[in-house]
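Visitor: Once you have looked at the hints, place chain D on chain B.
Chains as they are written, first to last, in the working numbering: chain B, 1 to 111; chain D, 1001 to 1113.
To be clear, the hints were calculated from the coordinates, so they are not data collected in a lab.
As the structure is a computational prediction, the values presented were derived from the model and not from experiment.
DEER-style ranges, computed between Cβ atoms:
{"hint": "1", "chain 1": "D", "residue 1": "Gly1063", "chain 2": "B", "residue 2": "Ser18", "range": "38 to 44 Å"}
{"hint": "2", "chain 1": "D", "residue 1": "Gly1016", "chain 2": "B", "residue 2": "Asn67", "range": "47 to 53 Å"}
{"hint": "3", "chain 1": "D", "residue 1": "Ser1067", "chain 2": "B", "residue 2": "Glu2", "range": "22 to 28 Å"}
{"hint": "4", "chain 1": "D", "residue 1": "Ile1054", "chain 2": "B", "residue 2": "Lys58", "range": "33 to 39 Å"}
{"hint": "5", "chain 1": "B", "residue 1": "Lys57", "chain 2": "D", "residue 2": "Ala1082", "range": "37 to 43 Å"}
{"hint": "6", "chain 1": "B", "residue 1": "Leu46", "chain 2": "D", "residue 2": "Asn1065", "range": "24 to 30 Å"}
{"hint": "7", "chain 1": "D", "residue 1": "Asp1073", "chain 2": "B", "residue 2": "Gly95", "range": "22 to 28 Å"}
{"hint": "8", "chain 1": "D", "residue 1": "Gly1051", "chain 2": "B", "residue 2": "Val54", "range": "27 to 33 Å"}
{"hint": "9", "chain 1": "D", "residue 1": "Gly1016", "chain 2": "B", "residue 2": "Ala70", "range": "44 to 50 Å"}
{"hint": "10", "chain 1": "B", "residue 1": "Lys58", "chain 2": "D", "residue 2": "Thr1007", "range": "36 to 42 Å"}
{"hint": "11", "chain 1": "B", "residue 1": "Asp27", "chain 2": "D", "residue 2": "Thr1070", "range": "28 to 34 Å"}
{"hint": "12", "chain 1": "D", "residue 1": "Gly1051", "chain 2": "B", "residue 2": "Leu46", "range": "20 to 26 Å"}
{"hint": "13", "chain 1": "B", "residue 1": "Ser26", "chain 2": "D", "residue 2": "Thr1005", "range": "32 to 38 Å"}
Don't be surprised by glycine CBs; every beta carbon is placed ideally from N, CA and C.
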Amino acid sequence: GENVEQHPSTLSVQEGDSAVIKCTYSDSASNYFPWYKQELGKRPQLIIDIRSNVGEKKDQRIAVTLNKTAKHFSLHITETQPEDSAVYFCAASRGTYKYIFGTGTRLKVLA
Amino acid sequence: NAGVTQTPKFQVLKTGQSMTLQCAQDMNHEYMSWYRQDPGMGLRLIHYSVGAGITDQGEVPNGYNVSRSTTEDFPLRLLSAAPSQTSVYFCASTRSSGTDTQYFGPGTRLTVL
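So here's chain B without its partners, still in its complex pose (with noise of 0.2 Å):
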């Protein structure tokens, strides 16, 4: 069936430093990829999103690249604060309303 894989599922940086979460996903389909954040006992929220039209796509620090021949998307966070950390989900969506999401990231920014 549709899988989203992700990876790695815990990342540790220094506060400044960049950090990388990648997804791959199995349904070639699949033309909507967006990212969430969920902070402790919160709710996720989508943080950037991506379609299959555009292989890149930046909001202040945070951006998200898309290989669609590898069926694979990451989401780049450069310049990390304390309050970047949380949990980050990816996900994939044929356009219908059916995500499939990959089973996080728990990133932790070091002070």
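Guide: Only chain D this time, still in chain B's reference frame:
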């Protein structure tokens, strides 16, 4: 706008009990979904709805029922609770397509003893 709301925030059930988790949105979104979140497993889709009167199954539908009689409300029913249903449940809504932003409710933490 309140966005997506869920009640209750916490619930403890005994095995075999039934209950309904409530979800409502005031954004006039067509699409609503229920997910469960378990440690190390991300979010898994239980059921979803593309409009009033239309529902369909997701990845893990067994043991759960849904209905959508209005655009605003999408309740999730546990027919006979089991310990395997201990989880955090999130409701979500999307305006009109699978590439619109999905908004999540605050979640319900359910424990089944």
